[in-house]
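2 protein chains.
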Amino acid sequence: MESITIKDIAKKCGVGVSTVSRAINNHPDINEETKTKIMQVIKEYNYIPNNSARNLKRTESNTIAVLIKGITNPFFNNILKVFESEIQDRKYSFLLHRVEEHEDEIDLAVLLAKEKRLKGIVFLGGYFYHSIEKLKQLKVPFVLSTGGVSEKIDQKYYSSVMVDDYKESYKMTDYLCKLGHKKIAIISAPVDDESIGKLRLRGFKQALIDNNITPNPNLVRYQVDDTLETFSMKYGYEVTKELLQTGEEFTAIYAISDSMAVGACKAIFESGKKVPDDYSVAGFDGLDISFYYHPSITTIRQPAEEMSQETIRILFDIIDNKVNKEHKTFDAELVIGQSTKEYKRK
Amino acid sequence: MESITIKDIAKKCGVGVSTVSRAINNHPDINEETKTKIMQVIKEYNYIPNNSARNLKRTESNTIAVLIKGITNPFFNNILKVFESEIQDRKYSFLLHRVEEHEDEIDLAVLLAKEKRLKGIVFLGGYFYHSIEKLKQLKVPFVLSTGGVSEKIDQKYYSSVMVDDYKESYKMTDYLCKLGHKKIAIISAPVDDESIGKLRLRGFKQALIDNNITPNPNLVRYQVDDTLETFSMKYGYEVTKELLQTGEEFTAIYAISDSMAVGACKAIFESGKKVPDDYSVAGFDGLDISFYYHPSITTIRQPAEEMSQETIRILFDIIDNKVNKEHKTFDAELVIGQSTKEYKRK
Chain C
1 MESITIKDIA KKCGVGVSTV SRAINNHPDI NEETKTKIMQ VIKEYNYIPN
51 NSARNLKRTE SNTIAVLIKG ITNPFFNNIL KVFESEIQDR KYSFLLHRVE
101 EHEDEIDLAV LLAKEKRLKG IVFLGGYFYH SIEKLKQLKV PFVLSTGGVS
151 EKIDQKYYSS VMVDDYKESY KMTDYLCKLG HKKIAIISAP VDDESIGKLR
201 LRGFKQALID NNITPNPNLV RYQVDDTLET FSMKYGYEVT KELLQTGEEF
251 TAIYAISDSM AVGACKAIFE SGKKVPDDYS VAGFDGLDIS FYYHPSITTI
301 RQPAEEMSQE TIRILFDIID NKVNKEHKTF DAELVIGQST KEYKRK
Chain P
1 MESITIKDIA KKCGVGVSTV SRAINNHPDI NEETKTKIMQ VIKEYNYIPN
51 NSARNLKRTE SNTIAVLIKG ITNPFFNNIL KVFESEIQDR KYSFLLHRVE
101 EHEDEIDLAV LLAKEKRLKG IVFLGGYFYH SIEKLKQLKV PFVLSTGGVS
151 EKIDQKYYSS VMVDDYKESY KMTDYLCKLG HKKIAIISAP VDDESIGKLR
201 LRGFKQALID NNITPNPNLV RYQVDDTLET FSMKYGYEVT KELLQTGEEF
251 TAIYAISDSM AVGACKAIFE SGKKVPDDYS VAGFDGLDIS FYYHPSITTI
301 RQPAEEMSQE TIRILFDIID NKVNKEHKTF DAELVIGQST KEYKRK
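Protein chains in written order, with UniProt numbering: chain C, 1 to 346; chain P, 1 to 346.
Everything labelled a hint here was simulated from the structure, so no lab data went into it. It is possible that part of the hints are untrue.
Identical copies carry no separate label here, and so any pair may be met within one copy or between two of them.
20 angstroms max Cα-Cα, derived PhoX-like pairs, lysine-lysine [as the list claims (entries may be wrong)]:
| hint | residue 1 | residue 2 |
| --- | --- | --- |
| 1 | Lys81 | Lys69 |
| 2 | Lys35 | Lys152 |
| 3 | Lys234 | Lys273 |
| 4 | Lys325 | Lys234 |
| 5 | Lys171 | Lys43 |
| 6 | Lys234 | Lys81 |
| 7 | Lys91 | Lys69 |
Since we're looking at a predicted model, the values are computed, not measured.
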């Protein structure tokens with residue numbers, strides 16, 4: 001027999017899940033009659049409340065740490081959610097630690113691993129460029145997730161779950177070129193960014209060249225203001241306002257995150273222009289907002305949920321000695337929204 | 001002398017912060033000349049890299065747990081960010097644990113406190129209705145943040161940081177009434193929700209009554225589909241689509257979260273109608289998207305950052321024996337966007 005869930009109990013009693021929960025947890029406000037009925041059904045079906053407290057392993061060392069660079073990037077929200085759930089389902093605890101922009105994450109990881117007796121580590125975001133000697137100091141299983149890695153590091157020294165940021169960025173840019181756009185601005189990360197920002201910028205430039213368009217440095221836009229978070233709506237908004245003020249001609253904007261694309265749209269609307277009639281706007285990531293924005297935003301959808309699950313799956317396969325190192329590159333999907341259209345000379 | 005930061009070093013060298021970081025961390029890709037120059041400036045100004053690894057206290061028990069109900073609510077993203085940063089700044093670790101909808105958070109907290117030797121706990125979201133006996137089992141300092149608490153629990157048994165959800169919801173509804181709207185729909189939490197959803201619904205109804213409007217039950221809208229996350233864009237979208245199909249007349253929608261308001265707008269646009277010309281739409285929370293959406297969304301801005309800081313401040317004041325229990329209610333702000341307008345009979 002399939003085990004019965006709290007939802008089944010609620011259904012059988014004709015009440016909501018939280019009412020069942022109140023009955024189980026001795027909520028003082030619940031109607032006595034309802035409570036009695038619920039407790040009868042629970043007994044009848046032998047329902048055992050799935051209480052994670054009861055499932056917790058009795059040892060404090062079952063902890064996985066997630067070390068995150070760029071905690072403010074909304075793309076990470078969904079990922080953290082899945083990490084948290086997947087780690088908790090395996091009855092491990094989830095320790096979240098922010099890595100400062102200029103901080104050495106390996107030093108941090110080595111120390112944390114020792115002090116918290118970690119069983120595994122996920123590095124989320126950032127850019128990995130450490131020497132092999134350095135990487136070898138980290139004895140705990142680890143996986144790099146959705147970040148960038150220097151090509152100089154041999155793949156046998158780490159595990160990773162990524163999309164091909166270069167290829168996917170190329171795909172989006174090529175799409176805009178095929179729509180007839182020749183003057184395409186990019187809202188990118190600060191120029192000294194060594195992470196996915198650099199890869200997406202490279203993909204952009206190569207796609208232009210392959211479409212016989214010479215990249216115009218005046219259309220590569222970014223902010224160096226340290227108070228602005230890269231990849232944020234505000235960043236996209238400020239950079240686009242600045243771009244519009246330069247008077248430099250363009251017909252499309254490709255922002256390397258959906259949040260930045262939302263900010264770009266807002267700046268365009270505020271200037272009295274329209275998306276996509278005056279400017280096409282495209283993003284990257286495939287956040288919910290790309291669908292719910294008005295107009296919906298053309299984007300590259302990263303399979304964030306699958307990537308997060310795979311990250312944890314690989315981490316636990318390493319912990320369980322099923323694999324030593326593993327690499328997985330996911331394909332992302334071009335999702336065409338209402339924010340881009342064919343360019344026609346006016 | 002003020003201590004010099006990595007940004008100052010970057011400025012003095014005419015490079016970006018991450019270039020300085022690469023120099024410090026022996027990045028293999030950096031230009032040797034640049035590196036030499038940076039290391040000279042670092043030596044000259046006696047700059048000491050602020051490496052949180054070096055600051056970590058050498059004990060594994062300095063851990064604060066955040067127990068979260070409703071991890072998918074984007075309002076919590078900013079809060080978690082501030083928690084994480086404030087906790088890390090105090091050299092404590094941050095353990096994140098999701099509480100199931102029907103789970104008893106006190107049982108969970110008592111167990112976690114013991115197993116992880118927690119120094120403090122924040123309960124984020126949810127609804128507190130436990131008996132005093134139950135609460136007394138939890139010996140570790142704790143603060144309830146942005147959730148709801150049953151009036152039956154004496155305030156001397158817990159600490160809290162909240163907004164007055166009833167009052168703020170009343171404020172928004174009253175604003176819509178004063179604009180001349182009489183047929184106002186609310187997108188609320190499922191009817192058996194015992195948390196802030198209930199309080200916001202109550203404030204809504206009272207404001208209608210005080211404006212001589214009889215609440216119309218057909219305009220109180222929610223979803224019981226368990227696969228839909230309350231407070232999400234999708235929830236607002238699906239509920240509004242359903243409302244539009246009923247043919248029930250209304251001129252304004254008040255969604256009890258900004259994300260739901262975004263979803264509501266999308267459903268309205270898809271039906272060929274306009275915001276605010278055909279329907280006014282208002283939200284709650286004051287997320288970034290309420291400003292960047294097109295049109296910007298009228299909302300109640302919760303001071304999320306201050307509330308989060310205050311939560312951690314109170315928690316550490318309890319840990320440090322400076323206070324025993326403390327309660328703080330923040331005022332929220334009505335922010336008028338472009339999504340609401342005066343109702344004029346057509």
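Q.
To test your reading of the hints: which numbers does this structure violate?
A. Numbers 4, 5, in rising order.
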